[in-house]
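Numbering follows numbering that gives the first Met the number 0, with no gaps: position 2 of the sequence shown is 1.
I should point out that these hints are in silico values taken from the structure, not numbers from a laboratory.
Just so you know, not all the hints are guaranteed correct.
As the list claims (entries may be wrong) - Quick list of the computed label-pair ranges, beta carbon to beta carbon:
| no. | residue 1 | residue 2 | range |
| --- | --- | --- | --- |
| 1 | Thr35 | Ser144 | 45 to 53 Å |
| 2 | Asp101 | Gly138 | 25 to 33 Å |
| 3 | Arg25 | Glu150 | 19 to 27 Å |
| 4 | Leu5 | Asn151 | 20 to 28 Å |
| 5 | Lys235 | Lys17 | 37 to 45 Å |
Said to hold, decoys possible - Straight-line distance between alpha carbons at most 16 Å, and here's what the computed EDC-like set of lysine to aspartate or glutamate pairs gives:
| no. | residue 1 | residue 2 |
| --- | --- | --- |
| 6 | Lys77 | Glu38 |
| 7 | Lys225 | Glu150 |
| 8 | Lys42 | Asp4 |
| 9 | Lys225 | Glu38 |
| 10 | Lys236 | Glu197 |
| 11 | Lys20 | Asp4 |
| 12 | Lys77 | Asp8 |
| 13 | Lys168 | Glu86 |
| 14 | Lys188 | Asp101 |
| 15 | Lys1 | Glu53 |
| 16 | Lys21 | Asp8 |
| 17 | Lys225 | Glu165 |
| 18 | Lys188 | Glu134 |
Note that the structure is predicted; figures quoted are calculated from it, not measured.
Even glycine gets a Cβ: it sits at the ideal position worked out from N, Cα and C.
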Amino acid sequence: MKEKDLPIDRTRHAVYTKKAKKCVLRLLHRDYDDRTCRELWEKIQLQYCEYVREEPPMAGAKIRVSIYDPILIFAWYKVVPDKPGLEDVQQDIYQCFMGSFDVLGKIFNLDRRLDNRFASRIFQMANDIRVREIERFPGSFRMGSSSYDRENGVIRYSFTQCPNAEFAKRHHMEEVLPVMCNCDHLAMKKLHACLIREGTCVESSCCDYCIVGDCHPMARQFKLVKKENGLLVSVKK
0 MKEKDLPIDR TRHAVYTKKA KKCVLRLLHR DYDDRTCREL WEKIQLQYCE YVREEPPMAG
60 AKIRVSIYDP ILIFAWYKVV PDKPGLEDVQ QDIYQCFMGS FDVLGKIFNL DRRLDNRFAS
120 RIFQMANDIR VREIERFPGS FRMGSSSYDR ENGVIRYSFT QCPNAEFAKR HHMEEVLPVM
180 CNCDHLAMKK LHACLIREGT CVESSCCDYC IVGDCHPMAR QFKLVKKENG LLVSVKK
């Protein structure tokens, strides 16, 4: 089915990106023949449409890619009869959501003071967009605290609401969420940075971000641990 033919209200909801579609098709072709892939892809598209009909409208949000592409991943996992190990698809999901960080990492190094300050500005701009948009789209990302320690090069911010986590909880698919959340750690590594995060919205009151260069003293105070559910969290040594 072509995307233009998907039975969704375009005034309320957006369609997944080409990048997300390519990711899901690649995952399907790993395990199934062409005919089965086509059949499953159409079922995934219909599942996606069913999911978004139940979601709060966010078609006009600037951050809609971070909302609608994950729904396609949830639809893929719901439909495929042979559930893959999520660790096996982690790199594919990362490339779908944050593959651009591979290129950015060749330019930016958050251990460098100027790059660190520039990154803090980019994160602040993203935060400002989310703060403004939550008024129009109450189901979107809700920001918590946000600060930048200019002297020590420490970027901090948090979400108190994540639409991906809320979706996972509503549909009892919490086990799929870590493969998306863990992409943040992989992306920061590409920027020669360390993400120190002790919890996410799916199991705590907020998703906290503390970002420093990977040579920063704070980076050596924590180790990355994979929980039983697959989620990567930072634990103090």
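Now the hints, each set against the structure:
About 48 Å separates the C-beta atoms of threonine 35 and serine 144, a value consistent with the hinted range of 45 to 53 Å. For aspartate 101 and glycine 138, the Cβ-Cβ distance of about 31 Å falls inside the hinted range of 25 to 33 Å, so the restraint holds. Between arginine 25 and glutamate 150 the Cβ separation comes to about 45 Å, which falls outside the hinted range of 19 to 27 Å. Roughly 48 Å separates the CB atoms of leucine 5 and asparagine 151, a value that falls outside the hinted 20 to 28 Å.
Take lysine 235 and lysine 17: their Cβ atoms lie about 41 Å apart, and the range 37 to 45 Å holds. Of the supplied pair hints, the one linking lysine 77 and glutamate 38 holds, its CA atoms being roughly 14 Å apart against a limit of 16 Å. The suggested pairing of lysine 225 with glutamate 150 is violated, with an alpha-carbon distance near 31 Å, which exceeds 16 Å. Using a Cα cut-off of 16 Å, the hinted pair lysine 42 and aspartate 4 holds, with the two alpha carbons roughly 14 Å apart.
Taking the CA atoms of lysine 225 and glutamate 38, the gap is near 35 Å; set against the 16 Å cutoff, the hint is violated. Between lysine 236 and glutamate 197 the alpha-carbon distance is near 13 Å, which keeps this suggested pair within the 16 Å criterion. Straight-line distance between C-alpha atoms of lysine 20 and aspartate 4 comes to about 15 Å, which keeps the hinted pair within the 16 Å bound. Straight-line distance between C-alpha atoms of lysine 77 and aspartate 8 comes to about 22 Å, which puts the hinted pair past the 16 Å bound.
Between lysine 168 and glutamate 86 the CA atoms are separated by roughly 20 Å; this puts the pair beyond 16 Å, and the hint is violated. Of the supplied pair hints, the one linking lysine 188 and aspartate 101 holds, its CA atoms being roughly 9 Å apart against a limit of 16 Å. Our distance criterion of 16 Å between C-alpha atoms is broken by lysine 1 and glutamate 53, whose separation comes to about 21 Å. Under the criterion of a C-alpha separation no larger than 16 Å, the hint pairing lysine 21 with aspartate 8 is inconsistent with the structure, at around 23 Å.
Between lysine 225 and glutamate 165 the alpha-carbon distance is near 22 Å, which puts this suggested pair outside the 16 Å criterion. At roughly 33 Å between alpha-carbon atoms, lysine 188 and glutamate 134 are farther apart than 16 Å, so this suggested pair is violated.
Consistency note: the structure conflicts with the earlier hints numbered 3, 4, 7, 9, 12, 13, 15, 16, 17 and 18.
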